[in-house]
Every structure is written in C-alpha cells, then in structure tokens.
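J.: Read off the chains here:
Protein chains: 2
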Amino acid sequence: MFRPPRGTRDYLPWEMWRRNWVIDRIREVFEAYGYEPLGTPAFESWEMLKLKSGEDIIREIYYFKDKSNRELGLRFEWTASLCRVVASHRELPKPFKRYAIGPVWRYERPSEKRLREFWQADADIVGVADPIADAEVISVAVDALKRLGLEGFKVRINDRRILEAFIELLELPRSLSLDIFRAIDKLNKIGVDGVDRELSKLGVSEEKRGKLMKLIDVKGEPEERLGEVEEILKHSEVGLQGLEALRGVVEYSGRFGFKPHLLLDLSLARGLDYYTGPVFEIYLGDVSISIAAGGRYDELIQLYGGDPTPATGISLGVERIVATLQELGVLDDLRIGTEVFVASASDSVRDKAIEIAQRLRRAGISTDLDLMGRSLSKQLEYANRRGFRKVVIVGSRELERGGVTVRDMETGEQRFIPLESLLDHLSPH
Amino acid sequence: MFRPPRGTRDYLPWEMWRRNWVIDRIREVFEAYGYEPLGTPAFESWEMLKLKSGEDIIREIYYFKDKSNRELGLRFEWTASLCRVVASHRELPKPFKRYAIGPVWRYERPSEKRLREFWQADADIVGVADPIADAEVISVAVDALKRLGLEGFKVRINDRRILEAFIELLELPRSLSLDIFRAIDKLNKIGVDGVDRELSKLGVSEEKRGKLMKLIDVKGEPEERLGEVEEILKHSEVGLQGLEALRGVVEYSGRFGFKPHLLLDLSLARGLDYYTGPVFEIYLGDVSISIAAGGRYDELIQLYGGDPTPATGISLGVERIVATLQELGVLDDLRIGTEVFVASASDSVRDKAIEIAQRLRRAGISTDLDLMGRSLSKQLEYANRRGFRKVVIVGSRELERGGVTVRDMETGEQRFIPLESLLDHLSPH
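Residue numbers (my numbering), protein chains in the order written: chain A, 513 to 941; chain B, 513 to 941.
Hints in this document: simulated from the structure, not taken from any laboratory. There could be a bad hint or two in this list.
Copies of one chain are not kept apart here, so a pair can be met inside one copy or by any two copies together.
[Claimed, not checked] The calculated lysine to aspartate or glutamate pairs, modelled on DMTMM-like cross-linking and capped at a C-alpha distance of 25 Å, are:
1. K579 - E603
2. K864 - E763
3. K577 - E559
4. K771 - D863
5. K902 - D863
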C-alpha cells in the first residue's frame, strides 16, 4: 500500500471541509482589506530562491533539476516570488497590496506540528514606508483570526533596529548580529539558559550576555514600556528610528482596533535575515508556536533587481490555525458537507428523483442522490451515516399529489412539501 | 531580472481575479453536486506515480530526490492520488464522490496553450459500476461550464470496449491496441492521413487501416447512430458491453439534462492507458482542444492495492476554460477587484477615515484607504486609475453634519450619506 511521502499527509473530506472553511474566511478578510491575488509558480529558479535565504533555509529547499538541467526549487515561502514579480513589473501601481494562499515546502525534521508541505496565507503591502502599513498587515491578520472565532491571542512586536542598537551599545561585532538575533529568537524554545549557551558559543562575554539578556527582557503594554526603551536608546540613531516606527504601529493600532492585543517584546528577533524594521508574531497560548508572523523588508525588492521599494507583510500558518481551532472545538459545529439527499421510494420514480436533484443543484443547494439502486431503507441508512441534513423522499403516491416528503435528519420530523415550494423550503435562510 | 521558470507564468491581479472567479464557480457546482474535497500532497513517491503511467507520461513527470534520497515526483494529474487514498482508506463510505482543484505539472514542450504548470479541476465517483455515474460526472462538468457562461459546447462520447471490439473484429494483435488507440486519438490533430501513417508504422495492413478508419468514422446524434454500431458489433461480447454502457449514458443524459450536448464519436480514444469503459471529451469550437475530459477506470484502484472498485471521473482544464472565456469576452464585465476606496480630504480626518474603512471591511465590503498621506486630488486620481467603484470622501465639514460624501466612480454622481446608513448604502444588493 502506498502512503503519502514522509512529512506530507492527506486530508480526508471531514478535515478538508474544515480546512477549506478556514482558508475561505482568511481570503474573505484579505479581500475585504483590499489585498489582491497574485499567482506565481510552485517552483522557482534555484538562483532566485537562494538569493535572500540564509544557509538554514537553503538546506531546507526541495531542490531539483528539470530535464534540461535547469536548477529549480519548490517555493519555501511566498515573499521571494512577490519580490521577483514587483521587481520585474515596475508598472504595478503602488501601494501594491497582494495576498497569496497556498502550499509551501520545506525539508525539515517532520513532526505532528511541523509538516514538509504546509500552507501559508500571506498579505503584504509594497510601496509604503510609513508604519501605517505595518499596522494594516497586523490588522488584517488580527481580523482574520477573529473572523475564525479566535480570541485572546497576543501580537508581540519589536523592531530589528532596536536589537541592532543593543549590539552597538554593547560594542558587539556587527558581523555577529544575525547569529545573535537567531540565538535570541529561540528564547521561547530553549529558555534563558539555552540562549546564554548559544551566545557564549558565539564568543559573547559573560558580562555582555548578562547585559543583553537584561536589555531584551522588556515585555508588556507598549505604551507603558516604550518610555524606558527610549531612555536606554537615547544616544542610538538607529535605535530611535526603530522606536519611532514602533510608536507609529502602537498609535495606528488604536485606529485599526487591535491595540488590546499588542505586546511589546524586545526579545522578539525573528530568525529571517532580511527584516529591516518592525517585526511581529501572533500567538495563542503556547508562546513558542506562532500562528502568524511577519515584518518589514525594505531592502529585499532591490536585491531582486527592482527599484528600492519599502515593503511589509504577514504570513498566517494555516495548519497551526486549523489545529488551534480544532483544539478549541471551534470547528465542531461547522455546517459542512452536502445538505440534501434525494431518495427514491421505488424504481419507478428514479427518473423523477434525478430531475428533482438536478433542480436543487442548479439552484445552488448541495444535493446528492442514490447512484446504487438501493432500497429505500438502505438509502435512508446511508443518508443517516453520511450526515446529510435533509432527505427528500420521492414516492409515487406523493408525486401524484404533486409533492415529496422531506425529512429533517436532525429532528426526525417529516413533512409533505409541494414540488413548487421545495426550493424555498430547502434554501438556506 | 529573474523570470518564472520556462513553461510557468505569473498571474497578475487583473488575471488572477478572473481565474479565481472561474475556479470558485467550478467548486460551487462540484459542491452543489455533492462532491467532497480531498487533499493530497503536491508530490508523491516515484514508485506510485509511475505505476499507472505509460512511457509518454513517465517522461513528463518532474522527478527529484529529497535529501534522504527518496525518489519523488510532482503530481501530473489527480487520479493516481485519489486511487492511492481510496486503496488505503477502505473505511471511506461508497459511493465516494470527491473533487480536487489545483496545479499539476508536466514537463512538455511549452507553448502559449500548453504550460508546464497548469490547473485541473477533477470530479470523480468511486464505487459505482452503473453508467449513471459516468452520466453524473459529465453532467457536473456540463453544469460547471454553463455556470461559467459557456454554451454550444459538445460532449463527445465513446466506449473503450467498442474500440477493443474493432481490434478483435479486424484480427489485429491485442498487444498493439494501446498504440492503435494513441494513433486514433491524434485524429483531430494530425488528420486522417496522419493517423493512417501512424497505423502503417505499427504494421497495420492497408486493407485493415481502411476498414478501421471506416469503423471509427461514426459521428453524430447517439440515438440515431447507435443502431448501426449494434449491427457491426453484434457478435462481439466486449463490444456489446461498451454499447450497453453508452446506451445507459445516453438515457441518463436526458434525465440529467445534457442530452443536447452529446455527440457519439467512435474515433474518440483518449490516450491514457487505464480507461476501461465510457470515455468522454468536451470541446468548444476547435475540436483538437478539449476543455474537459475523462472516462471510466474500473481496474485502477486494485492496481494501487485496494479492493476491486469501479470508478469514473472528469477533469476540467482551468487554463483552457479561462482562455476560452476570455476569447468570448465572458470575463470582461466581471465585477472584480476592490469595491470601495476611503479618501481623506485633509490630514485632520485621517484617523476617522481609518475607522470608517475598518467598519466597512468588518461588514465584508472590500475597502482600501490611502496609506501614502496623499492630497485629496492625488487620492481621487489613484482611485480612478485603480478602478474602485465607490469612493468615500471623509471631510471635516461633512463629519460635523454626521456623514461623508460617496462618489459613484461609474456615474460620477456624488451624494452626502449619513454615517449610520453608510453600510447599507455600500452593501452589494
């Protein structure tokens, strides 16, 4: 028996209906915010993929050659493809707000929570330097999560330039800054001692390690804590720029309506190399697992050959969101699957049953019918097992009276419904 | 500047909105018919992929090894993955009706009409041997095409067993039958002379070539022509089985409501190796380019290790359908893109503009707003260029009177709308 390749999985209908419901809601909210769809291929040239990626990620890309020996790789996220398109289509009006929802692939050690094929739903704004754009991408993610029924999640924010200012303040070598950010980024996974060990390995002295850990240990309501950060950073130009951007995001968060979710967290680093400004992560419960994350990347489009163009974006992790919703039971009561089953009481009415099913289908009511020539009792048994919500029983006696019997499978109630009012009766209200 | 890999392309928003509209309509019709979504990975094990594929297709699969040297390949269609799932999940209730919509990949010579990454939308019924299932999968495709605004398309049908009977009748070697089917399948591309040459290359004598070409030259209204086919096949058991199945499809086509589209065509062979019964292709205009195609494959699930299980299905070619719709201008008047733009008449009202935009978005009205701090005239210019249909102008004087100005960008008409009725005014009716 064949199985899906290691790190990938199948989604049977009961799960897929729920996944699709989640994806559809995210898309609705993205579109309500004016983000536009962009389509790019599943694989890109290897040269392009490795351009912006650190060693860690290059190792995780599914690499292959096509039959003309072109070097290709499966996309491991959406941002590189977006930057490629923006760089080569200068005619796109700015701001360009795009969304993309689909699978990405990474060759990581698979676990229940980490698959090698997983879906990301991204919303990005290209062409806006002001923190209003960072606030808007956070806002669209927050509203998508709320639309899905999630509450109580937190949006941790920081700015890369504040961390850079700390490197400067402590007179640590700038060449180490990305490695230091990556170590800090693991704080919620490996704890303070773990980060201390990693920093020690990088050659950071005990004294500086202690100071750095204290500097990044600022966490709380942004408006309460930004004052003390300013005190620390008052002599660092780059640090004050970061602080200014965070102030902007906090201010806009009130207008956009997500201020209660905001949490300043100077230990938030985000591993990726290319962030240049505000970075953010959304989590619910377990702080080591983010359900959405993003940041500003003002230098990336230039790297792909485009004009210097500011950009910021956020990415929602579809599998983690679905898993969270499932744990919370939010998806249990979802009305999924096919609505109506049309059963034939006898062979003589099967043609009529098909006609009735076709009328319902063309009116947009999801409808199935017996394809197996089963007896009525077998059909009802099947309908019950499959969870259809309504069964239309077509019988010759009822047809003579110009109607059919409709059974509500939840209440067990049966009613005679004239054919001319069947559509109305079955339409979802 | 980087480009998408050869044979793939980007879809910019104006195109992607239309693609998504097409895909959404297909999905709606699939779901209205009671087909259920199934999710399978983009790549499968090489061993599995090559199992059912002829040499032609194996050559077209994107093959690669993962970093543990597992042999994998990108899916080149949806059927193999469906069979794998059905074979390994015996618990799935039958009939199992599933749909899948997404990209597949084939390394073919790319052209404008043939990409290496293209989307297929499949609907299949597993577990039903009766031709009612073949009729239903044709019907769902027909209704999807109608829903998209297409008319005048034809559904060519044949049955593999009729072609097998011809091989038998002419005493041609059965080992050649698949090659002969593939030659016949090219009829609309290479013409009668071309097929004749191919058959000659296979060693079919001139006399038998002439007879075969005459046998397959039956084309027309099924009910008019099936009688003569019966006359030819009356001594062939397998041929009569095929005829019987076609009669079933024709009879059901009346009930399902697609009889006017049906065309019997004994030259329809379908290249794929695994078909065992009725085969069908839908085309519009150019008969060499099908926009949907499928057939019955009763032996395939067994091949993947499952119980012997009858199955049939149809696949819609998304790119070809979109191209056809575009040629016909069906997509021109589609209401795509973002509906409303909220403009600020001055800096003092920008916060209020954000609040208003957020209210509209949360009510599901797709809304954008100025993120660039532009002057009102610049904002209106941008709104016009981007094609928003309504502009909400937030000004301090109107706010004092408890409302905003709404400009209809199509008519140019401007009206004062009180804030409390803004949602009603802008909701699509």
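J.: Evaluate K579 and E603 at a C-alpha cut-off of 25 Å and name the case that applies: within, between, both or neither.
T.: Neither. Shortest intra-copy (34 Å) and inter-copy (40 Å) distances fail the 25 Å Cα cut-off.
J.: At most 25 Å between CA atoms: does that hold for K577 and E559 within a copy, between copies, both, or neither?
T.: both (12 Å within a copy, 19 Å between copies)
J.: If the cutoff is 25 Å on CA atoms, where do K902 and D863 land: within, between, both or neither? Let me know, please.
T.: within (20 Å within a copy, 49 Å between copies)
J.: With identical chains, the pair K771 and D863 could be close in the same copy or across copies; at 25 Å between alpha carbons, which is it: within, between, both, or neither?
T.: between (60 Å within a copy, 14 Å between copies)
J.: Reference check for the pair K864 and E763, CA-CA at most 25 Å: within, between, both, or neither?
T.: Between copies only: 13 Å across chains, 64 Å inside a chain, cut-off 25 Å.
The structure fails hint 1 only (numbered hints given earlier).
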